[in-house]
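Protein chains in written order, with the working numbering: chain A, 1 to 637; chain B, 1001 to 1240; chain C, 2001 to 2260.
Don't take every hint at face value.
[Claimed, not checked] So the derived label-pair ranges between C-beta atoms look like this:
1. B:K1002 - A:Q484: 49 to 57 angstroms
2. A:Q87 - B:G1206: 26 to 34 angstroms
3. A:Q20 - B:K1002: 43 to 51 angstroms
4. C:E2148 - A:Q484: 52 to 60 angstroms
5. A:G140 - B:G1206: 39 to 47 angstroms
The set of hints was computed from the structure by calculation and includes no laboratory data. Backbone N, C-alpha and C define an ideal beta-carbon position, used for all residues, glycine too.
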Amino acid sequence: MKLEAKTPPGPLAEKWKRHQGSIKLVSPNNKRRYEVIVVGTGLAGASAAASLSELGYRVKAFCFHDSARRAHSIAAQGGINAAKNYQNDGDSVYRLFHDTIKGGDFRAREANVHRLAEVSVRIIDQCVAQGVPFAREYGGLLANRSFGGAQVSRTFYARGQTGQQLLLGAYSALCKQVGSGAVQLFPNTEMLDLVLIDGQAKGIITRNINTGAVERHAADAVILATGGYGNVFNLSTYARGSNATAIWRAYRRGAGFANPCFTQIHPTCIPVRGDYQSKLTLMSESLRNDGRCWVPKKQADHRPPGQIPEDERDYYLERMYPAYGNLAPRDIASRAAKRVCDEGRGVGTSGLGVYLDFSDSINRLGLKTIKERYANLFDIYHEITGEDAYQAPMRIFPAVHYTMGGLWVDYNLMSNVPGLFVLGEANFSDHGANRLGASALMQGLADGYFVIPYTIGDYLASVKPGTTPKTDAAAFTTAEKETQERVQRLLSIRGKRNVSYFHKQLGKILWDGCGMARNQAGLEKALQAIPELRAEFWKDVNVLGESLSMNQSLEVAHRVADFLELGEVMCMDALTRTESCGCHFREESQEAGECKRDDERFAHAAVWEFKGDGQKPERHTESLNYEFTTLATRSYK
Amino acid sequence: MKPLQLLLQSSIGKKVIMGATGAALVLFVIGHLVGNLQIFLPKEKINAYAHLLHSSAGVLWAVRLGLVAIVGLHVWAAISLTAQNKAARPVNYVEGTRPYAASWASRYMFHTGLVIAAFVVYHLLHYTAQLPVANLLPSTHPAKDFNQLLVTTGAQSGYRDVHAMLIAGFQQPIVSLFYLIAIGLLCLHLSHGMTAMFQSLGVQEGVWRTRLEKGAQVLAIALFAGYASIPIAVYLRIVQ
Amino acid sequence: MKVNLRVWRQRGPDSPGEFKNYEAADLNPNMSFLEMLDVVNDRLASRGEEPIAFAHDCREGICGTCCLNINGKPHGPGRAIATCQTYMRSFRDGDTITIEPFRAKPFPILKDLVVDRSAFDRIMQSGGYVSVRTGAAPDGNSIPISKEIADRAMDAAQCIGCGACVAACKNASAMLFVSAKVSQLSLLPQGRPERHRRVLSMVAKMDEEGFGNCTVTGSCAAVCPKEVSLDFITRMNRDYLAALMHEAVGRAAGKEGGAG
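Chain A on its own, in the form it takes in the complex (with noise of 0.2 angstroms):
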């Protein structure tokens, strides 16, 4: 597998603007000739699949949701970074691409970084522009919020809702393409399989969700925006629906792929309840700006919060963590929630949770400050748990939340399969080894607008024009016949266990093993584990109903069937990384519970390849070389 990172020289601040300068062009009447196909439209897809269509590509535009507005983008809440500076507190493209880095725990691409921090001034703008309703200061400007893992305040938001917002932005520019004929949508469709012609990503085969058709779509380049494969885990704040299948048919078919084992936890989410629970809920991590962490000193002591007295409450992130306090990045956050969970300090019935307080705040600021903030966060808490966190602290603890691994993609944000991109969250690019808040959404935008638009052209320059290829090649007629007997062999199975069953499984046995804190015993047991249960998966899973017509537990199948593969990689991936570095925490490498890197022998990207079904996948790496950061401890304290 050939990995060149295809990074521009010279300086790093000037990198992409000469990349910019010397890539080549498709001239604007050959633009229409060329077919790309955008699979997603989240953030990153409905953003690509919009921003090309108006340079002149032919774009069809993909997604299993029955409206391309649904995608998961919309649940981030809290909000978007870009180095305005407006607060004049010393904001910078340098300090935010420092930060991203240092966030990353120094496993990101230096320049993919400084081209996000530079492009994410002319997002906001973008955003404004499209009539995205952002918070605005009496004066009429931009206000802007301080979040995790920064010093200086540069996240922008619209109330609690600002990935909504974001994507109803970009869904609005793709709805305008859609209307006037550029872009061809095709909602309920799911990819179920990558088509390649002599090594080149040509097409994808994909399944129609309301019909159950197997079609066929063949095109001169092939964008994956499907977002992050956290519905691995089973329990997580992502979407019911998300999954890796796209990713993951690529990665069979050839793509790398990249850091399986980074997979962040969130620290502030709403502890489980019971096992009937099918998905966890996440409160902005914006409400660390004015609540406070706590967790009694005594073990079990199972008072009511309000009678603990203030010298029996230990505000850990603010003892161990005095510089950054509540507002320490996520890896460390949630790994603090877990030792003192671990030390027997837990609260609630489960002893898996600490409380976040707002009753410093609603003294210091008034309710209605509280409420003007965070209203809906504190009614989605109200509506979950029967609570009511403006009289006691809410109860948080971690949970899987993004996914920061993923396809391998070169500066020009193509994997190492030619005329294959992948964009946002379902590459591996821009956040290393952990991600820092409101930052997803500045990637997926920069990706979608400001990226893609320009370094397509690269490789759609040497492919000639309208050599688009025709569905009835042979490469198609063989994809689809695979996905076809894949649909038949699910359906007749009829095994005593239904699918709901094996992920489950599939989630506690990556939880308890390849979870928040991982060590060799339990990811070899874990990697012992999962070929067990794909095994039975195979044997004994219960799929009912037909192929031809709606089906959601076969939809449900196939996305399960590939996470039971996909979990497996991310132990063996996990498993070889002999480091601790940001979410990734190996307990043999820690230095008084905080992550030892290991930088003379893990600073690097690991790429893993498919080799074949039952075959181990080979472990490729890309160097990261760090030219314009020194590699220093991550430090918060």
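For this one, chain A is given, so just place chains B and C on it according to the hints.
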């Protein structure tokens, strides 16, 4: 499309027509009441007023035709909108559409409208056309029908005695009852209709939503009280 | 706890549907309504019956996918919630719960409780956007927008496109949905240049899709998970009239109208 075409064909356009014609009809209903309330004055006043209204056939017919046109548009818009509304939900929920936050008046505008239309037809036959068969005078009444009720003295001598007609008309209990029911429904219709009109014409927003809603209700109640006072006064023999 | 479900089952878009009764026992009152359906579906599948199809995704009240009519009310008994935010503690042990799909001609049933709401997307495609090309935007602070206007626009923008307004309206009207988008964009200076053509074309599309008309019953706003206000309908009516005037004046002056 041309603006006029849009006004006549789009859902909002039709609602605007509905609201604007409704507003004109509300003004008519108010004016009509003011005229009728003269029944409480010496009988010469209302007869003089009736005489005045009939003094120019040209103006009278222009107003009448205008009213017919307005009512026509109102009814056309109602039928057209209702038909579309029915078509928009061919299969209803098992227990019908539940009236979340919807007032009774708002849900039955078409039905109240139908009763009002029937009443208006009768009312016109009764007092405007004065069709003997519609007069329904009680058998005890000295006159056989309205044709025999003429003013005998003063400036209106020889003209129809409107004062006597009103009293005679409402002496028949069944007529008064129908009148009261229809006026009640009319006022319910108006209480919501005026609110909807303010909405359709784009003025009912923010604090004005409550103010206009309340205002519409107050006006509707006032209109009901005003109109109802006449047959009640006749029944209680306050006017004779 | 235990409840009795009365669920609309329909095999496909063209099949006739009917209510089926299911007993759902051993439930936890802290389950969400959809988790209860998951449990019921698992039990159905285990005894070889095809699970009940229902739409859902984020399960945190923001994606707008879930769309059940529970005991006659879109999204269930609570106020300002989506179906996924309805919890079993809102019901009593032993209750019979009727679950129906949203019903409206423009929302045809696809299977069981899943309906096709693509009409909303088509309305959006007819004009629910600001025509700005990627990269052409001026600095975000170049046009100050008062906090009141920005907040008001945000109130409108909160709509999640779930269709509960249509489902609750006795006329299956989509006015609340359309007016939310029209108002958001006509409030903001960025959306004002296109406001006339936008409202004309979105309303035309809304009518074409077969939605009913607004008779101001207020049911839509009462069931809206994001509490989008009826005031936006007023605003849209005003915008629509203004657009008609603009058209009429434009025509009278011999200029090309703005409806495009």
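Hint check results:
{"no.": "1", "hint": "B:K1002 - A:Q484: 49 to 57 angstroms", "result": "53 angstroms, holds"}
{"no.": "2", "hint": "A:Q87 - B:G1206: 26 to 34 angstroms", "result": "33 angstroms, holds"}
{"no.": "3", "hint": "A:Q20 - B:K1002: 43 to 51 angstroms", "result": "48 angstroms, holds"}
{"no.": "4", "hint": "C:E2148 - A:Q484: 52 to 60 angstroms", "result": "57 angstroms, holds"}
{"no.": "5", "hint": "A:G140 - B:G1206: 39 to 47 angstroms", "result": "21 angstroms, violated"}
Of the hints listed earlier, the one the structure fails to meet is number 5.
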